[in-house]
Amino acid sequence: MTRNLILAMACTCLVSISATAFAGQISWWVTEPGFKNAQELAAKFEKANPGITIKLQSNPYGGLEGKTMIALRSGQPPDIMEVQTSWVPSYIATNTLEPIGETIAGTTPLDQFLPAAISSASVDGKLYAMPFQAESLAMIYRKDLYRQAGLDPDKPPQTWDEMIKVSQALTKVSGGKAQFGYGIAGGGPEGEGNTLYRSLPYLWMAGGGILSDDGKTVIVNSPDSVRGISFYTDMYTKYKVAPPSTLENGGLELRRLFMSGAIANYQGTPTELERFQADAPSLEYGVSIMPHPEGKQTAALLGGWAFIVPAKRANKDDTLKLVAFLATTENVGFYTRSFPTIDAALKLPRFADPRLDGFKEMLKYGRQQPAVPGWLQITGIYYRHVQEILIGDATPQQAMDAAAKEISDVIKK
Amino acid sequence: MQAHPRLQAPAAFVLPALLLLAVFVAYPVVSTIWLSFTDDLGQFVGTDNYAAIAASARSLRALRNTVYFVGVSVAAQLLLGTVAGIILNEKFHGQAIARALTLVPWVVPGIVGAMTWAWMFHTDYGVINAILLRLGVISTSVRWLSDPAIVLPSLIAVNVWKMFPFVAIMVLAGLQGIPKSLYEAAQIDGASFWHEVWYITLPQLRPILTSVTLLLVIAGVNSITIIYSMTRGGPADRSLITSIQIFVEAFQYFNFHTASALSLLFFVVSTMIIVIYITVDNRKRAAQE
Chain A
1 MTRNLILAMA CTCLVSISAT AFAGQISWWV TEPGFKNAQE LAAKFEKANP GITIKLQSNP
61 YGGLEGKTMI ALRSGQPPDI MEVQTSWVPS YIATNTLEPI GETIAGTTPL DQFLPAAISS
121 ASVDGKLYAM PFQAESLAMI YRKDLYRQAG LDPDKPPQTW DEMIKVSQAL TKVSGGKAQF
181 GYGIAGGGPE GEGNTLYRSL PYLWMAGGGI LSDDGKTVIV NSPDSVRGIS FYTDMYTKYK
241 VAPPSTLENG GLELRRLFMS GAIANYQGTP TELERFQADA PSLEYGVSIM PHPEGKQTAA
301 LLGGWAFIVP AKRANKDDTL KLVAFLATTE NVGFYTRSFP TIDAALKLPR FADPRLDGFK
361 EMLKYGRQQP AVPGWLQITG IYYRHVQEIL IGDATPQQAM DAAAKEISDV IKK
Chain B
1001 MQAHPRLQAP AAFVLPALLL LAVFVAYPVV STIWLSFTDD LGQFVGTDNY AAIAASARSL
1061 RALRNTVYFV GVSVAAQLLL GTVAGIILNE KFHGQAIARA LTLVPWVVPG IVGAMTWAWM
1121 FHTDYGVINA ILLRLGVIST SVRWLSDPAI VLPSLIAVNV WKMFPFVAIM VLAGLQGIPK
1181 SLYEAAQIDG ASFWHEVWYI TLPQLRPILT SVTLLLVIAG VNSITIIYSM TRGGPADRSL
1241 ITSIQIFVEA FQYFNFHTAS ALSLLFFVVS TMIIVIYITV DNRKRAAQE
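Respectively, the protein sequence lines represent chains A and B. Take the first sequence: its letter number 207 is residue 207 in our numbering, and every next letter is one higher. Take the second sequence: its letter number 245 is residue 1245 in our numbering, and every next letter is one higher.
Honestly, the hints are just simulated from the structure, not real lab data. Only a predicted model underlies this, so the values are computations on that prediction, with no experimental measurement involved. In this text, a Cβ means the ideal position worked out from N, Cα and C, and glycines have one as well. One or more hints might be untrue.
Footprint (simulated), chain A over chain B, 3 or more residues, beta carbon under 8 Å [what the hints assert, rightly or not]: (1) 1144-1154; (2) 1225-1233; (3) 1247-1261.
Distance condition first, Cα-Cα at most 20 Å in a straight line; then the derived DMTMM-like pairs of lysine to aspartate or glutamate [as the list claims (entries may be wrong)]: (4) A:Lys-155 with A:Glu-284; (5) A:Lys-321 with A:Glu-46; (6) A:Lys-238 with B:Asp-1147; (7) A:Lys-412 with B:Asp-1039; (8) A:Lys-412 with B:Asp-1040.
Isolated chain B (complex conformation) (with noise of 0.2 Å):
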């Protein structure tokens, strides 16, 4: 019983924000799994609203394009996010300016910055077309944002272009963290530039490269802004995803026990994906040391 003083003043301390968690996370959490397998009524419906969801073709479709959407924006994130940090901590002529123009696009808002693109993507008045039909390097305009084919793509090229500052900026940091007595040893065993980057930079990045890959997933599932603003997820749900079509059966159909259901859904298999993410990684470090 001698601890139980010692117990309360700390339980004080934290006790306004577990309210808040509970008010902001957990009431929220434990009334979209009540709606989800409730209906209109409120009566108990059990797993209808999940088979519903399970049946619809839209669903199937929405995500395989996230997991395409965010495959692809994830690998190419990293490797552009990469490559310019490493390129950005060598010491060159205007690199606190050429430091603080990358920083741009993860500054824009996002909103902002999709506008702009979709205007620059636009088949007829915009830009790109303009510009690539005097080069001559295509005949035909492109429908960047209206062909099945290319939609995807270009919206990926957008979400890139938004998110590798993010990573350049997070390697940077890291690579000024390596000792540089670890380059020094590599040089004297007579080492090259490419076996510098693969056997001291990489590894002693991976730490930095795992937690930002964990962060680009999270993002890259809830990336509505971009998706939403440029195509609603059109033509025909092409460009489509999970997290837009929950937002759209929620606050445009007002679908909210569909939408509750599918944001279940769509929760356990992010975690899922994140947890065995981290485990292999793990794996990996260990088998490593």
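This is chain A alone, in the form it adopts within the complex (with noise of 0.2 Å):
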């Protein structure tokens, strides 16, 4: 703890030195893979705006959450920051965020931006970040397997039931190479995000969810939560159409074993596709929506990136330009790694790649996470509960009656 107290100040210092503004100059804060673009539209600025230069920092996608964290409350902050949407309403408790909803409307109207990405970054009607990037999982699957398990590839499964049932199709243990239906996240090291993001959407489909939707009552272990739980776990612990791994996978380790062929479904992002341009040209694959219950619609967790800007710098009315800048739906649909948060901005033709549509057709079920205090914990408690149906310590129903438990302490303080 100690080391770790000196590192934090260490840190602190650094960002003090680092984020140090003089006027006429915005430091703004990227991420890495986001580095050569904001480079191109720092040029831009800086030509139409003369006398105003931008100092570029590139940060790591690790321990940003946190390092953004220090870096407002270190009262120090860069004028201009880039953060995941859904850590918003946490930087928003703190009280150093600007109101910035009016200078962007100034450039394009509110009301063109997707509202699940507003209305997360907002705290009684006003807006504290600008979100330019939302996307979803959505299902993606090898035509290959699914013609050689004599199914239609051009007819992925849309319920619960079709895709149990094409899972146990797909699922070939004996003989040769094992191959498995569906690969669920289970563990690993980025287990914790991607297992939440792959397992909530059947919570709130199967119509229940973590929280209820005013953040004050656990709802995890409703018959609703229990039976989208149980839908998601079932696949390793009941049908086993999910490989013995299942502890182990986050995303990254599921598309390699999509690519060697070992499953033939699992939930990816957007991004995804572009891995496989460069890792397997020839892949056979398609992109589907989440499979839902009969009779309900599908969902999904919203994911996505957004602008946050310091209140109280001296400099701030030169960051606003950057702001109202970087918000035309050029911009937005340039600046995005994956989908514009602008309507309109989906027309450009780089979105035109026809794979998309399963995506694009889920971001239109996306829902934001809940924007409550300890929420980071509260999916800390559900993961390890999901963790334990998984091991088989318990069932569905007992590890969700514990995690609400453990959940509603976190919310009672």
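Two chains, each in its own frame: build the complex with the hints.
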């Protein structure tokens, strides 16, 4: 702990050094994958606004959530920062963010943005972030393996019952190489977030969830929620159509298994398509919606990225100019690494690939995570108990009852 | 009063070092203690944070895992390291290469080694299962990192692999300091190889092994890298150790107050273990002399 505190202090020192602002200079934090495009945008902005320069800093994804929090609390943050939309509520809670809704609306009316992305970054009608990227997972499946199993590769499963049947038909464990129908996430280094994104939508589809909409009641052990989590975990514990490595698999591991043909279905992000292009260009795959209970709608957990602007900065006016510049349909469409939050930007040529249609469809059913303090701890508890089910030490009902008890304690705090 | 001017110069010399210590050691320690007795609003809450830890089943599991992980790791590291050190001290063909290769695990950055092991251990595409299946040693894939009964032994194996070269190199250094005359005298008395190891080598190595054990225990209780990068303490906390629990509380959940209380408890327990170890060792040594 002592060492960690020293680390935190050292970070704070670094932050304050790197973020010291000069008049006419905007310091802008971006993430590593966005750095090249940010450089291009910065050059354009500087050309249009002589006298203002932009100092870019590229940050790796790892630890960014905490780094941003420390920067905000240090009182010396950079002028504008790129963060995940789901982190924004906890940053709003520090009372250090500038409301930027009016600035954005000056460029693009807010009703043209994805409503879920806007609402999750708003408190009391004030918008504290500019969401530019939104994505949902979709079901990616191997057309060649479907054909081998005698299934129609153009008719992927739409309902839970179909999903179970198709996964069973695609599972072959005896003789030669083992093949499994549906690879679910249940562990690995990135397992916590990966499992949440892949399992929580099933709870929603069934009518359940982790918390009620107002964030005050724990519903993770309601009959609907238990039905949702059972559908997910049954793939491994009951139907055995998920591979033995399930408790070690996150998104990255699943992609490797999918490319090698060890699994025929898995839930992936739009960015996976670029990886297939690079690593396995001849892969024959399709993208479909996540299956839903008969007669109900599908659902997805919305992921995405946004820009935030700390309040009380000396060169705020310059920064707001940059926000207005970034909020154009064209720039949002250019900077996003998956899909843009502005509907009109989806018509740009870069989003025309028909294989993206499954993801675009899922985007319509995207829901935000509840904006409650301690959400990360709550999802940590949820994840741990999902693993208890997968290990086989608890039934879904027992595990979710135990999770509900722990989550209630967090909410009470 | 005469000593006064003579004291000033040394005091001035150590001042910069003391200042650094104050900023980077004393301040964090004091602030950790303070944090552990307060809440988010800065209010003094007495021992509430400690009570919350004591009541949590998670802390108990982490503590059990820590004791198991460190205990078995250190024992295996000492055994393997000492054997390796003794072998490397013998003259044989290719001795220099063997000595260099032994050091590789220790030199490889922890995170790189851990990630490589994680891939090798993977149930479905890992090379370890592939080899064992082909050789017919196992008939179904072993879940090295996700079977609750196997995950800690797997992580201990990686930890032993990582640290035994350190023991080996320390033992090797110690062996070269043992006078040859002791062995010659023993040989004249008709001692076998095992007699030499038991009655000369190990007693002569004792001071080195004592310090090495201490260093291994300290490294063991703090070994976040291997476990965190391979399993994050999972599945379902089956490989969670206390140092990771502290890290997660503080830097993922931002519960700095609980984390501070936990680290203080951790500090007290670790210190007690070390003090007991040193005391027992000193007593044994005194008894022998």
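Hint check results:
no.: 1; hint: 1144-1154; result: holds (count 3)
no.: 2; hint: 1225-1233; result: holds (count 4)
no.: 3; hint: 1247-1261; result: holds (count 10)
no.: 4; hint: A:Lys-155 with A:Glu-284; result: 15 Å, holds
no.: 5; hint: A:Lys-321 with A:Glu-46; result: 11 Å, holds
no.: 6; hint: A:Lys-238 with B:Asp-1147; result: 17 Å, holds
no.: 7; hint: A:Lys-412 with B:Asp-1039; result: 14 Å, holds
no.: 8; hint: A:Lys-412 with B:Asp-1040; result: 14 Å, holds
Consistency with the previously given hints is maintained throughout, with no hint failing.
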